[in-house]
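Peer 1: Sequence:
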Amino acid sequence: MLPHIVDTEPNSPVFLLSPARLDGQRGALLTKATSNFDIARALRSPEGACLADVFSFVSGLYFRGKVAYAREFGQARARAPASYVLTAGGGLCALDERVTLARLERWASVVVSEKNPHFTAPLIRTASEALAAHDAATRFVLLGSVATNKYVAPLLEVFGDRILYPKEFAGLGDKSRGALLLAAVRERRELAYAPLRDRDVSLPGRR
0 MLPHIVDTEP NSPVFLLSPA RLDGQRGALL TKATSNFDIA RALRSPEGAC
50 LADVFSFVSG LYFRGKVAYA REFGQARARA PASYVLTAGG GLCALDERVT
100 LARLERWASV VVSEKNPHFT APLIRTASEA LAAHDAATRF VLLGSVATNK
150 YVAPLLEVFG DRILYPKEFA GLGDKSRGAL LLAAVRERRE LAYAPLRDRD
200 VSLPGRR
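Residue numbers (numbering that gives the first Met the number 0): 0 to 206.
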């Protein structure tokens, strides 16, 4: 269960980062038994590896951009989570949560779809906990695809009008979104947000 913490700054955004795909070449390299680089060894250890590092390795530019942006603009105080990662089968997890190889492999077996209860049930449960853990002025911002319902439907069910997305994401692919987020961090320029309910679903977008 997520901790009940209510000491975020008033109106500060809490970011929800879409997950990295685990079925690509970098995911296979990370989980390969003979891989001997630092993060692969950490993943196989009892303590596990930092989730942000794991997904940044697997996804590259896009997830690194999401992490950098969330850390820059989350504005949380010492104990308050300012960002969470959507996971397949694990719901919302803290960016710095440690994950083991066994846990990652369980996530990799779950289909990310609004029609799959193995994905939506833990997401709705942990999203409800996150909603309760922050005060009523807190905004939640999805850093991820809004072109399909796979994230949008369960998140709207919980957060309703309190969940937003970056307006400049519309029509951009993954790499362009990552570059946009990293540029915003360099310029210390927070993006403008729009209600997730009002998204334009005719525009392309992926994860």
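If you are wondering where the hints come from, they were derived from the structure by calculation, not from laboratory data. Hints should not be assumed to be uniformly reliable.
As the list claims (entries may be wrong) - Listed next, with one range per pair, are the computed distances between beta-carbon atoms: (1) G59 / T99: 35 to 45 Å; (2) Q24 / T147: 22 to 32 Å; (3) A27 / V110: 10 to 20 Å.
Unchecked claim - Below are the DSS-like pairs computed for lysine-lysine, each with C-alpha atoms no more than 30 Å apart in a straight line: (4) K31 / K166; (5) K174 / K114; (6) K166 / K114.
All C-beta atoms in this analysis are idealised placements derived from N, C-alpha and C, irrespective of residue type, glycine included.
Peer 1: Take the hints in turn and mark each one as holding or not.
Peer 2: Taking the hints in turn, this is what the structure says about them:
1. G59 / T99: 35 to 45 Å: 22 Å, violated
2. Q24 / T147: 22 to 32 Å: With Cβ atoms ~24 Å apart, the hint holds.
3. A27 / V110: 10 to 20 Å: Given a distance of about 18 Å, which is inside 10 to 20 Å, the answer is holds.
4. K31 / K166: 38 Å, violated
5. K174 / K114: 27 Å, holds
6. K166 / K114: Given pair K166, K114 holds - Cα atoms ~26 Å apart, limit 30 Å.
Comparing the model with each earlier hint shows violations of hints 1 and 4; every other hint is respected.
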